[in-house]
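Reconstruct the complex from the two isolated chains, following the hints.
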Amino acid sequence: MAGQTSGGPRLVMSADDVRRAITRIGHEIVEHNHGVEGVVLVGLQRGGVWIAQQLQASIARIDAAAHEAAGPVEVPLGTLDVSFYRDDVGLRPIVPGSVTDIPVTLDGAHVVLVDDVLFTGRTVRAALDALNDHGRPHTVQLAVIVDRGHRELPIRPDYIGKNLPTSRHENVSVTVDGVELA
Amino acid sequence: MKHLLDIGHLGAAQIHHLLDLTDHMVEINQRPMPKVPALRGKTVVNLFFEDSTRTRTSFDTAARRLSADVMNFAVSSSSVNKGESLRDTIETITAMGVDAFVVRHASSGAPQQITKWTTASIVNAGDGWHQHPTQALLDCYTIRTRLGRTTGFDGLHIAIVGDIAHSRVARSNVQAFTALGARVTLVAPPTLLPADITGWPVAVSHHLDALIGEADVVYLLRMQRERMRDALVPSLREYTTLYGLTPARAARLQPHALVMHPGPMNRGVEMAVDPAELPGSTVLHQVTNGVAVRMAVLFELLGSGSEMTTDAVATAGTPETGTRS
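For the record, the sequence lines run as chains A and B. Everything in the first sequence is counted per this note's numbering, starting at 273 for the first residue and increasing by one. Everything in the second sequence is counted per this note's numbering, starting at 16 for the first residue and increasing by one.
Since the hints were made in silico from the structure, they are not lab data. Hints may contain errors.
[To be verified] Label pairs and their in silico Cβ distance ranges:
#, chain 1, residue 1, chain 2, residue 2, range
1, A, 441, B, 48, 31 to 41 Å
2, A, 454, B, 122, 50 to 60 Å
3, B, 228, A, 291, 48 to 58 Å
4, B, 91, A, 325, 49 to 59 Å
5, A, 296, B, 48, 32 to 42 Å
6, B, 85, A, 392, 30 to 40 Å
7, A, 421, B, 48, 32 to 42 Å
8, A, 411, B, 280, 49 to 59 Å
9, A, 309, B, 82, 29 to 39 Å
10, A, 288, B, 134, 52 to 62 Å
11, B, 302, A, 441, 45 to 55 Å
12, A, 346, B, 226, 25 to 35 Å
13, B, 82, A, 423, 22 to 32 Å
The beta-carbon is built from N, C-alpha and C at its ideal position, and this holds for glycine as well.
Bound-form chain B, shown alone (with noise of 0.2 Å):
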């Protein structure tokens, strides 16, 4: 695997791989000293158009647990602001020696052309309304280890309740968890939903009491709140009122279902309980598990050698049907 770009390149077998992996990060990030020599002499860059904490920190302390030179790159301070192209900059750094870019990009597609102007690796760490590969690899990693889910998703029910239309997150999301197997199921306002999603093996529902007692899991979205000014919803009481986890709702969640959500929070929104009196909220889980996902995606794109990137290349041909031995 030469980069991640695309939760949708991966088939289930890969999918599995990099979980299978993840566990051994989580039992490095548990030690005394969680720091292994792995990725010594390797340079990340994280490389961030657009603001984010807990994601670039993430990646940092992931590359960093692995003993890479991390360079961070800010974007505000750089000679981006002098003009300097999006492909000059790639080169620019490329030619400083670098193993891996961590991209997030406010274009959909950016990191894609991105490896086209270099020799290292690309990790798409968001872009756009398109795709967040890691955030899907951590919430199925999150949803694996709490529910018990080692070989897959088979028979859960999983809702996604929100702003689908602007969310890398739930594309990324409903690729990930039907590749799994999981039944996944769309919650939002007709006008927060993608124009057209024919193609998507979804349900797609408007009413969320109308399944918060049979789901699995609740994986709720921000409510951002620049789409009142769009009006694409009337007010955000309103939205609370029919799309959000009330106290009321979350009554009704089955005893081991799972609320989730990608950060950050709009409590009072989307998000109206407290969720550490949730005993399904995994919010924290979630970023906990972030570090360790990413170590296992640095892992595989950087440390693992020529056997197991053929082995990749061999699954992604066919991944529906790829299996590991």
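With the rest of the complex left out, here is chain A (with noise of 0.2 Å):
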């Protein structure tokens, strides 16, 4: 513990720790959606992807140990950006190849949006726009690895991995290797 006051980064979730809590969440997105039916997963661009990949591979492991003969159901995956949609729109730069891929209708749809770090709620306000011009979803949950705080918005989690309170100039960093702080 001494070793860590210079300020470099901190793990604080291991590899480990972040696949343990995608396989939860995936749990319980079914176990709150009584199943799979509608359920559709839109990870946000970049960051929220691969877990909505990971997230859909889980659920399908999950699904078929439930139902052994129906063999395992691909929940719909889709992809969002949302630069055009931001209120500081341009304040940060358009990435190349993050573009918005929606495979099936949205109307009625329980869509569950992946990111992974959730801080002032801003993005996820712009994707709650960008759903709307690809239809009218019967819900619309929110799943992120990690809560920082410091929300600006009265936008909530309803799957969390980690609560990890931060500073607001600290920076929180989710990969496939774990969760660092700087």
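In structure tokens form, the structure reads like this:
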């Protein structure tokens, strides 16, 4: 502990912790929606996309275990780029290749937005606007690996990997290798 | 990036950046409701001193799909007819509070001049024989997507055929194609080549038949009828025989080769086949991509923040070596 006063990056979740959090969130999604019917996972570009992919795989395993006969069910998976919906348009560069791709209609669906970190809530607000242009979901839920606080809008996550108290100027990075605070 | 005046001001990195951005716009345009709020509250003025249907409607559509407000300034019904100078027109409209002018003008350099009279961004939508940068960008985008050239045009051979001398499209496209690494050959009778092309990074040929079978892209320019009056070509029929895309020439195209045209086409002159029957025809693709490319340009000028601007300025300083991380 004494060695961590220098302010270098600090590992707050290991790779295994992240993997387990994703598995648990998968279970919570299935539980909360009484199955997977109508559930559509939408990863926010770019940090949420790989997490949404792993959630999809995790839910397929859970569901396969529940209905052995039917085999694994693929929950539809989309990606959403909210750059053009931000209230601070342009403060973040548009990333090449991070294009929106919603493969199914969202009318009546239970959409689970997936992102790596929930901070001010402005990305999620933009995502809600962007979803509007792709249909009218029945419900929209939010899954994040890290909730770091400092919300500026009335938005809260439905599924959380870890609540992580941070100061505003700290940086949280979420990868398959774990969560680092710097 | 504050203005888009001249393709030559952009390096390969910036062209790639705008084309990457165009991918996002293409996705928006494919939606059931193709509109995003990115430029809400921005005002774009279309200022066309020269006739144009496709470019003006294309910019108009692009601005609206990004939720910008659009003013279409019709020169024919304006005070320009009462003798108002270009400068007064610009200063008057600027005073109403606008964010961008899209300018088409018959005089080369007019958009550049306008930048001195306004704080708004200027997009050159064609000036004289000088530049038509968004046409060059949309043509690059069309080639990039149709031939799968996301990283550059290295090894591509592009033949630009027709009236090079009087063509702003040819000038901007030569710059854009070569910046991305393509080999460009201009194909035209000597009378339709610019008086001096020293310094242009191109080859010149007077024989379309010699390279029709090896070009990856055949880019036809419009043969303007007024060139006949200037006696630059003996007759349109002779022009077609020597430089038009005839059925015999179309049959010799490589299977993957693209046939491009900036429009409006003269059927039976430079386009002596039905483009709908050419597998490699991109004419309507070009129009569709035009909207997406112009959305990317307007977003880059008006919607992107400081981060991108400094990056763009830094890249503009060293156009050949600039890379985007």
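Going through the hints against the structure:
1. 441/A / 48/B: 31 to 41 Å: Once the Cβ atoms are compared, 39 Å apart, the range 31 to 41 Å for residue 48/B and residue 441/A holds.
2. 454/A / 122/B: 50 to 60 Å: 55 Å, holds
3. 228/B / 291/A: 48 to 58 Å: 57 Å, holds
4. 91/B / 325/A: 49 to 59 Å: About 56 Å separates the Cβ atoms of residue 91/B and residue 325/A, which means 49 to 59 Å holds.
5. 296/A / 48/B: 32 to 42 Å: 36 Å, holds
6. 85/B / 392/A: 30 to 40 Å: 32 Å, holds
7. 421/A / 48/B: 32 to 42 Å: 35 Å, holds
8. 411/A / 280/B: 49 to 59 Å: 52 Å, holds
9. 309/A / 82/B: 29 to 39 Å: 35 Å, holds
10. 288/A / 134/B: 52 to 62 Å: 56 Å, holds
11. 302/B / 441/A: 45 to 55 Å: 48 Å, holds
12. 346/A / 226/B: 25 to 35 Å: 50 Å, violated
13. 82/B / 423/A: 22 to 32 Å: 27 Å, holds
Checked against the numbered hints above, the structure violates only hint 12.
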